[in-house]
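Now for the letters of each chain:
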Amino acid sequence: MKRQKFLSSLPSYAYLIILGLIVILPLIMIFSQSLMSNQEINRWPPKIYTPEPVFSNYVNMFKRPDLKLARWLFNSIFAAAAYTLAVFVICAPAAYAFARLRFPGNNVLFFILLATVMVPGQVTLIPNFLLVRNLHMLDTFHVLIWPGAANVFAVFLLRQFFMQVPKELEEAAVLDGASYWGRFWRIVLPLSTNALVALGIFVFLGHYNDLFWPLITTNSIEMRTLPVGLTLLNFSYGGMERPLVLAGAIFASVPVLIVYVIFQRQIIKGVAMTGMGGR
Amino acid sequence: MQKSESLSKTNTPKRFRMNLKTRETIAAYLFLSPFIILFSVFVIRATFYAIQMSFFDWTILRPFKPFVGLANYKELINDDVWWLALKNTLYFSIITVVGTSAVALAAALAINQPQVKGKEFFRVLLYMPSLLSVGVIGLTWVWLLNTQFGIVNYLLSFIGIRPINWLGDGKLVIPALSLTTIWWGFGFPMLIFLAGLQGIPEQLYEAARIDGARQGQIFWRITLPLLRPTLLFVTVTGFIAHFQVFGQPFIMTRGGPGRASYTVIFYLYEAAWRAFRMGYGSAIAVALAIIIIIFTLLQFRFIGRRVEY
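As you go down the protein sequences, you meet chains Y and W in turn.
Residue numbering for the first sequence follows numbering that gives the first Met the number 0, starting at 0 and increasing by one per position.
Residue numbering for the second sequence follows numbering that gives the first Met the number 0, starting at 0 and increasing by one per position.
These are computed hints drawn from the structure, not numbers from a lab.
Just so you know, even glycine gets a beta-carbon here, dropped at the ideal spot from N, CA and C.
A hint or two may mislead.
What the hints assert, rightly or not - Quick list of the computed label-pair ranges, beta carbon to beta carbon: (1) Gln3(Y) <-> Gly198(W): 47 to 57 Å; (2) Gly211(W) <-> Leu113(Y): 22 to 32 Å; (3) Gln298(W) <-> Phe5(Y): 50 to 60 Å; (4) Arg264(Y) <-> Ile43(W): 31 to 41 Å; (5) Arg258(W) <-> Asn133(Y): 26 to 36 Å; (6) Gln197(W) <-> Met239(Y): 21 to 31 Å; (7) Ile43(W) <-> Ile21(Y): 23 to 33 Å; (8) Arg101(Y) <-> Ala207(W): 24 to 34 Å.
Kindly generate the complete structure, drawing on both the sequences and the hints.
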């Protein structure tokens, strides 16, 4: 009986292990090839391991005048963190109003939000680009923070979360004389911490990994973000110095993977909770 | 901070007496106002402005931007590059959605098997690529798919397949970009499927087993029908997301070879930020929006009906 059970799970194991290898092998390979010299990487057959690793790629990467990887990493992290904060500051109160307050125009406003979800964000790219250009916000952090801060998706999710907070707790606070802000700030928000963390991680990662908007709204080498910088890195050195490019890819991935290792439980749970995938 | 002050003021009833309803309305709009301001500027205004711009010959370098009526749309209908981009995008989205859903569903079913151990490990491992940026994915896979030195061709050489020029062959470039995207993105639908599978009550399976149903029957008669809402969510959101593909062709092929991997957003980028034709770019964006809205509604009707039984 036990043997039969084990046998019946064999195809599942086989599939998961093969899939796992397909996922992990490319990552191991680009890591080991980032430690190769330009000659060694262009050898047939391709190798997954190098007997004489060289670290010069990781050093050179920071020396090239047209590459500012450390600065790009800072830009990406800072902009994503500021953006996440802005999303919370702007969307959480709005979500609370939709979740708990009664006001005229409630349904109309909510319908407008719902309707805009169907329209792809690319429609707003050109007008928003022209607006930030006229406001002289191109190539500053503002452009990476404000245009996307009214995040409709965040409002929907936060509203969902806030509605799950028991109403009785708020009613008790009303008897104690709490204002609307007090009910939101002291009761509903602290009780939604788990959900806020999950949402925050995905808002952060989505911004950290974004390519199009920072590509068109930044142009100085100092203001690029990592995804844009990596693209430029590939365009300039992809042909001749592949190990350098792969070292850049590893450098950009390490922070994300560290966050993943630390928050794996929250992230995995958060995907199902928020329906967001980090893109 | 200002907000909390003004709200606590309205709570002191001595100076003005407002009824509860008015106070709640004022509070609600104060809570909403930062959102409404940014939303109006960057979403509502921008959407209408995009529509408006699509009726103008709007070039960033020229101060005079004449009204041209439907000329941009007429040009679009006769623009071979647009139709090619649309065809490529549709092809890419369909095979990516199908591939991603199949790989993800199989992985979710495998992990969900009660006998399988290490569920947490597999979930964490298989979701990992989804967290990487498209920049990383792009320059990794350009190299993995390299004709001469790439590991994909190396592995294929063991089964006697000669080196394939994945990204340089017009017929293969879209499937190659799709393969890359499936590798990158299957983890997200996998987790959604897992959540869906866990929502199916165990008693249904037990009852089926008592009735003598085989594994295949259980899958087709119980699991799949009950998973349809999840399947709907995964395919609709996946299709919409993949239809907006930009990073992969931008980084890996720059639309090439020739224009074989032009996608709609890639073409939008070329038109608006390379050729500076913002009016024409707006027409592309509006056309894209219309297609996505129609497709969303169609897909909901099509699968939505079948969810019911």
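- [ ] Quick one: which hint numbers does this structure break? Sort them smallest to largest.
- [x] Of the numbered hints, 1, 2, 3, 6, 7, 8 do not hold.
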